[in-house]
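Just so you know, the protein sequences line up as chains A and B, in that order. Numbering of the first sequence is given in our numbering, commencing with residue 1 and proceeding in unit increments. Numbering of the second sequence is given in our numbering, commencing with residue 1 and proceeding in unit increments.
These are calculated hints, taken from the structure and not from any lab test. Here a beta-carbon is modelled for each residue, glycine too, at the ideal position from N, C-alpha and C. Wrong hints could be hidden among the right ones.
As the list claims (entries may be wrong) - Derived contacts from chain A toward chain B, CB cut-off under 7 Å, selection only: (1) VAL22; (2) MET82; (3) MET95; (4) ARG103; (5) VAL112; (6) VAL116; (7) ASP123; (8) MET166; (9) GLU228.
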Amino acid sequence: MTAPNTGPIIQVRNLHKWYSGVHALKGVSLDINPNEALGLVGDNGAGKSTLINILSGTQRPDDGEITYEGRPIHFKGPRDAMEAGIETIYQYNSMVPTMSIARNMFIGREPVKASVFGIGIMDQAKMRAESVQAIADVDLHLRSPDALVGELSGGQRQGVAIARAMHFKSKVMILDEPTNHLAVKETQKVIGCVKSLKDLGITAVFVSHNMHHVFECCDRIVAMARGEIVMDRRVKDTSLEEILTVL
Amino acid sequence: MKRLLKIYMEKPELAAIVFLVVLTMVFHVRSNAVFLNLQNLQGMLGLLPEVALVAVGVTLLMICGEFDLSVGSVFALTPMVMGVMLANGWPFAMAFPAGLIAALVAGFINGALTVRFSIPSFITTLGMLFVARSLTVVISGGFPPVIPAGAMPRGMFTAFIGPGDLFRMSFIWFVLIAVLIGLMLSRTNFGNWVRATGGFLPAAQSMGIPTARVKIACFMICSVLAGFAGTLQVMRLGAPLPSIGEGLELQAVAAAVIGGTALTGGIGTILGGIVGAILIRVIDNGLVLSRVDANWFKMALGALTVFAVIMNTWLRAKAKRMKVETQK
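Construct the entire structure; sequences and hints are all you get.
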C-alpha cells in the first residue's frame, strides 16, 4: 500500500468545538502524515477525545476544516469515517461482549447474499473464515470465531478490534486509550501491534495518558492542554520531562 | 462431553425445553392421561398462538435492549379498530390493515419517544398501556361492536385444520411468523444489528449502526405482532371485548425471561420466548387438569420466572468459566 500523495493524510485546520458553554477545542490545527505513528497525549479534559470523536465521525465540529487525502470531508457519522478508511478502536466501546467474534468482526459491514433495502441474509461461513484469517494475521490465536467476545481478555479484545480494522483495509487507525486496564504482557502486545502498523502502511493515532507507552511506539508526539495543542515534536527530539512541563 | 455441556449451558432455551418435557409428563400422569388427549391439546394449541406471538415480539424487543408494557393494550386496540370499522360496514380488506396500522403507529410512538428523549421504554410504554387501553374503550363506546356475520374470513385465521382438527389456522400463522422473525434475528444483518444494539449500545453506535432506527423497527414489530395476536383472539371469540389482553404484557415478559432472554438486552432467542410461552400455557392448563386450585397459577408463574432467571444467570457464569472449544 502506498499513499497517493506525499502531503499529510489528514489535515485539521482551526477546529472549534463548544459544549454548552465549554470551549473544548480552541482552534486546533494538526497535520497527520501518512504512515506515521502519532501519539496524542494530554490530561483529562484536554480535548483529545473531542478531537478523536470528530475525526472518527461521532461528533461534528462547530467550526474549522478537515481534509483527508487532500479532499475536504464532512463526516455525518462513524459510518462515513469507516468507509473513508478511518477506523477507531476505543478503550472498551468497540466490541459487543454478548456476541461472537465472527459477528463482532462484521458489525455494520456484514457480507450479505442478496439484500432488499440493505437488509439481507448474512454469509456466515464467509464471516467465520475471514475472521479466523484476520485474527491470525495479527498473530492472535483464539479458540474459535464462535467464542463470545465477553470471554476474551482485554488484550485479546483489542487484538480483535485491530484485526477488524486491518481486515477492512483502514488507512488510518485511531486507538483511544487501547492499553487502559490491560495486564503488562497484553499491553506489550498491543504496543507491538501499533509498531507493526507502520510496516503495513497504516497511519496510527495513539491516544493515551501513559507517556511510556506513547514513547515506546510513536514517531511523533502531540500534547494537548485546555483545548489547544501545546507541543508537537518528534519523539527523538523530546523527553518525558519536557512533556510533563507543558501539560 | 465438557464441550456439549458448555454448548448446552450457553443455550438457556434448551434447559426450558427439558423442563417443559418433564412438566408435560408430570401433568399427563397427574391428570390421568387427560393432558395429552386430543381435546385438551386442541384447546391448548388454539390459545397458544395468541400468547406466543406476543411473546415473540416482546422477546425480540428485549434482545434489542428495550421493553414494551403496552402489548396487552395494543392486543385489544387493534381488533377493536377492526371491529368498529366492520360494524360500520367497512370491508375486511380495509378494516384488518387499519387495525394493524394502529398497532404500527403505537409501536412507532413508543420507539420514537424512547429514542428521541432517551427515556426508559418502561415509562414510554407504561404510558402507551393506558393510552391504548383508553382509546380501545372510547372507540368502542364501552360495548363490543356487533360484527356482521361472515365479515371476518375466519377460515383463513381460526378454522380447525390438520389430523383430527388438532390445529387452528392461527397456529400456521404463528409458526410462519415465528420462523420468519427467528431467521431474521439469527441470519440477517438486521438481526446482527438488533443484538449489537441491545448487547452494548456504545459499540453498536461507534460501528455506525443506525441504532435509533433499529430500536424503532423492533418496537413496531413487537406492537404489530401483539395487534395481530389480538385480532386472532377476536376472530376466535367472534367479538372484540375492550378488556382482552389485560395482564398479557407481564406474561409475555415472563415467557421471554423463562426462555433465557436477559432484561439487559443482547441475550436471548426467539425459540426461548416461544418455549417460555408454551411453558406458561402448560402450567395454566396442567394445574387445572391436575385438580389443583386454579388460583395457584400465578404463584407457579411467579416462582418459575424468578427461578429461571437465577438458573440462567448461574448457567451463564458457569459456562463462561469453562474454557472449552465450542466450534460447531
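Fill in: Interface restraint verdict for A:ASP123 against chain B (beta-carbon cut-off 7 Å)
Violated, because the Cβ-Cβ distance from A:ASP123 to chain B comes to roughly 10 Å (cut-off 7 Å).
Discussion item. Tell me if the interface restraint on A:MET82 is satisfied: Cβ within less than 7 Å of some Cβ in chain B.
Written reply: holds (6 Å)
Worksheet entry | Satisfaction of the A:ARG103 interface hint, Cβ to chain B closer than 7 Å | holds (6 Å)
Worksheet item: Hint check: is the beta carbon of A:GLU228 less than 7 Å from a beta carbon of chain B?
Response: This hint is violated: A:GLU228 lies away from chain B, its Cβ roughly 26 Å from the closest one there, beyond 7 Å.
Fill in: Interface hint for A:VAL116, Cβ within 7 Å of any Cβ on chain B
Violated, because the Cβ-Cβ distance from A:VAL116 to chain B comes to roughly 10 Å (cut-off 7 Å).
Worksheet item: Does A:VAL112 meet its interface restraint, that is, does its C-beta lie within less than 7 Å of any C-beta in chain B?
Response: This interface hint holds because 6 Å falls under the 7 Å limit.
Discussion item. A:MET166 was flagged as interface toward chain B. Is the shortest Cβ-Cβ separation under 7 Å?
Written reply: violated (16 Å)
Worksheet item: Hint check: is the beta carbon of A:VAL22 less than 7 Å from a beta carbon of chain B?
Response: violated (21 Å)
Discussion item. Given A:MET95 as an interface hint, is its Cβ closer than 7 Å to any Cβ of chain B?
Written reply: At about 6 Å, which falls below the 7 Å cut-off, the nearest Cβ of chain B leaves the hint on A:MET95 intact, so it holds.
Figure legend: structure checked against the earlier numbered hints; hints not met, in rising order: 1, 6, 7, 8 and 9.
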